[in-house]
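Which chain is which? The protein sequence lines are U and S, in order.
Residues in the first sequence are numbered from 358 upward in steps of one, following my numbering.
Residues in the second sequence are numbered from 358 upward in steps of one, following my numbering.
Honestly, I wouldn't trust all of these hints.
One copy or two, it doesn't matter: identical chains are merged, so the pair holds either way.
[To be verified] Using 27 angstroms as the maximum straight-line C-alpha spacing, the simulated DSS-like pairs for lysine-lysine come out as follows:
#1 Lys604 with Lys487
#2 Lys604 with Lys520
#3 Lys615 with Lys384
#4 Lys615 with Lys359
#5 Lys615 with Lys604
#6 Lys509 with Lys534
#7 Lys604 with Lys384
#8 Lys384 with Lys534
Hints are computed from structural coordinates only; laboratory data are not their basis.
Please read all numbers here as calculations on a predicted model, not as lab measurements.
Number of protein chains: 2
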Amino acid sequence: MKVADLSSYLLYPNPEHPALTDQVIGKDQDGNEVSVDVVTERGLTVYLNRQEIVTLMTLGDHPHYLALGFLLNQNMLRPDDVVTGIDYDEELEVVIVRTERATNYEDKLKKKVRTSGCAQGTVFGDIMEKFDGMQLADASRLPISAIYALSKQINTTPSIYHKAGAIHGCVLCEGDKPLVYMEDVGRHNAIDKIAGYMYQHGIEPQDKVFYTTGRLTSEMVIKTVQMQIPILISRSGFTAWGVALAKQAGLTLVGRAKGRNFVVLSGEERLVYS
Amino acid sequence: MKVADLSSYLLYPNPEHPALTDQVIGKDQDGNEVSVDVVTERGLTVYLNRQEIVTLMTLGDHPHYLALGFLLNQNMLRPDDVVTGIDYDEELEVVIVRTERATNYEDKLKKKVRTSGCAQGTVFGDIMEKFDGMQLADASRLPISAIYALSKQINTTPSIYHKAGAIHGCVLCEGDKPLVYMEDVGRHNAIDKIAGYMYQHGIEPQDKVFYTTGRLTSEMVIKTVQMQIPILISRSGFTAWGVALAKQAGLTLVGRAKGRNFVVLSGEERLVYS
Numbered sequence: 358m359k360v361a362d363l364s365s366y367l368l369y370p371n372p373e374h375p376a377l378t379d380q381v382i383g384k385d386q387d388g389n390e391v392s393v394d395v396v397t398e399r400g401l402t403v404y405l406n407r408q409e410i411v412t413l414m415t416l417g418d419h420p421h422y423l424a425l426g427f428l429l430n431q432n433m434l435r436p437d438d439v440v441t442g443i444d445y446d447e448e449l450e451v452v453i454v455r456t457e458r459a460t461n462y463e464d465k466l467k468k469k470v471r472t473s474g475c476a477q478g479t480v481f482g483d484i485m486e487k488f489d490g491m492q493l494a495d496a497s498r499l500p501i502s503a504i505y506a507l508s509k510q511i512n513t514t515p516s517i518y519h520k521a522g523a524i525h526g527c528v529l530c531e532g533d534k535p536l537v538y539m540e541d542v543g544r545h546n547a548i549d550k551i552a553g554y555m556y557q558h559g560i561e562p563q564d565k566v567f568y569t570t571g572r573l574t575s576e577m578v579i580k581t582v583q584m585q586i587p588i589l590i591s592r593s594g595f596t597a598w599g600v601a602l603a604k605q606a607g608l609t610l611v612g613r614a615k616g617r618n619f620v621v622l623s624g625e626e627r628l629v630y631s
Numbered sequence: 358m359k360v361a362d363l364s365s366y367l368l369y370p371n372p373e374h375p376a377l378t379d380q381v382i383g384k385d386q387d388g389n390e391v392s393v394d395v396v397t398e399r400g401l402t403v404y405l406n407r408q409e410i411v412t413l414m415t416l417g418d419h420p421h422y423l424a425l426g427f428l429l430n431q432n433m434l435r436p437d438d439v440v441t442g443i444d445y446d447e448e449l450e451v452v453i454v455r456t457e458r459a460t461n462y463e464d465k466l467k468k469k470v471r472t473s474g475c476a477q478g479t480v481f482g483d484i485m486e487k488f489d490g491m492q493l494a495d496a497s498r499l500p501i502s503a504i505y506a507l508s509k510q511i512n513t514t515p516s517i518y519h520k521a522g523a524i525h526g527c528v529l530c531e532g533d534k535p536l537v538y539m540e541d542v543g544r545h546n547a548i549d550k551i552a553g554y555m556y557q558h559g560i561e562p563q564d565k566v567f568y569t570t571g572r573l574t575s576e577m578v579i580k581t582v583q584m585q586i587p588i589l590i591s592r593s594g595f596t597a598w599g600v601a602l603a604k605q606a607g608l609t610l611v612g613r614a615k616g617r618n619f620v621v622l623s624g625e626e627r628l629v630y631s
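Isolated chain U (complex conformation):
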């Protein structure tokens, strides 16, 4: 495989990290012994100040970004909150985010019980209320050549996906340049890690493009809109509710992006056909 030009990346996967994959011995179709690389999957319990919020099943890398991004995307951490510290204990699989503001989400955590399992990725109930008032800025434009360039670069970037499969990737991009590439066994985690990275490094969303290997479900659309990124691209397909929510918020939704093919089902005005 021809490896992508990695010079535009601020962060990209490290498939050689020993904690992210295991080797398992098995047998193949001919009964021969084979060694197979498999992705790891471990618990991470997130605390906000003194309160236990959730246990995520995750690849395990970038716990700080994951915790921050999860709390942001659940509206528990506000964009203007001052984070005074993030403590990660690898052995206990716990990460504690501390803020200047005193927080108490007991009511919200109760509400999650009633909406749990929801594929909108919002364990907690009030996300949809906030979403209904959101509208993305119209200014950004993307030439369709950038869709091809991004797909090609991302697909040729060394990754845990190439090594072990069974993993999703999300990439924050600007124009035709990938910037931050995160992977996780759960794609809701991969997108949350990027949200955490953007928050920590003060990256503006309005001129960015979001690429995901996974399907364009309601969950991915809601999170992309919450992060105020106006363009979402996937090599995978759509769900009807994902499309409806994208139209509602004015998100450009590009799916089935493979080689020189794609379909845009919402916000096509941001794409510039040459």
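Put chain S on the given structure of chain U with help from the hints.
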């Protein structure tokens, strides 16, 4: 596409059902208008007797089986419970399962773990405690020719996947015969629908084989073991924890099953190489 022999099926997908896909108008890479089939995704709130348990995001078919299977796989409905009624209100998107036994899972509802499925699943906290005591019976055997036959039949069965993509499939099989094929936007829903079907129709698990299009994560392994099905096959890959849990419970775990290739990483003694 050559269509599979459907004679062995008790139930298989109906891709022509108007409620399960929508047509959305968009543009393709050349700026031409295209009509795209997309899967629907809707809420279903599950009650057990008077208690609201969860809201699932689902394709929307087979709500009775989904509710039953969800409650069974969360250990909220016991295999020996007498179900006195299942009421489904399509307009309210609510399904109520009523049992002879009085139920109250308030404590259980407080403890939740988000799992790493594509569309996220939810596992309540005490599942792992129960799992730790489980061991699958060793008796069943499967010739490897059945793996090829099942893959071929399932992949050529008309499905919403073929029509619209962006969906997962789970198939209950016996030997080289597929029996019950369920699809859903969340694969945890597809497996729960099969659990509900098996419960409702009194189908024994010990001589069955479970096939999934999705990854072999911890969640899929835990549910297959809970359902006491000894063999799990996927065309997709593995996670390390999925493999570890399969070994612990003695589950035969076959992944990357494509064409004449596969890898078995646990319980290979049940496979018969010819």
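Right, here's what the structure says about each hint:
no.	hint	verdict
1	Lys604 with Lys487	within (16 angstroms within a copy, 44 angstroms between copies)
2	Lys604 with Lys520	between (36 angstroms within a copy, 22 angstroms between copies)
3	Lys615 with Lys384	between (33 angstroms within a copy, 15 angstroms between copies)
4	Lys615 with Lys359	both (17 angstroms within a copy, 25 angstroms between copies)
5	Lys615 with Lys604	within (23 angstroms within a copy, 37 angstroms between copies)
6	Lys509 with Lys534	within (11 angstroms within a copy, 40 angstroms between copies)
7	Lys604 with Lys384	between (48 angstroms within a copy, 14 angstroms between copies)
8	Lys384 with Lys534	between (41 angstroms within a copy, 24 angstroms between copies)
The structure is consistent with each of the numbered hints, conforming to all of them.
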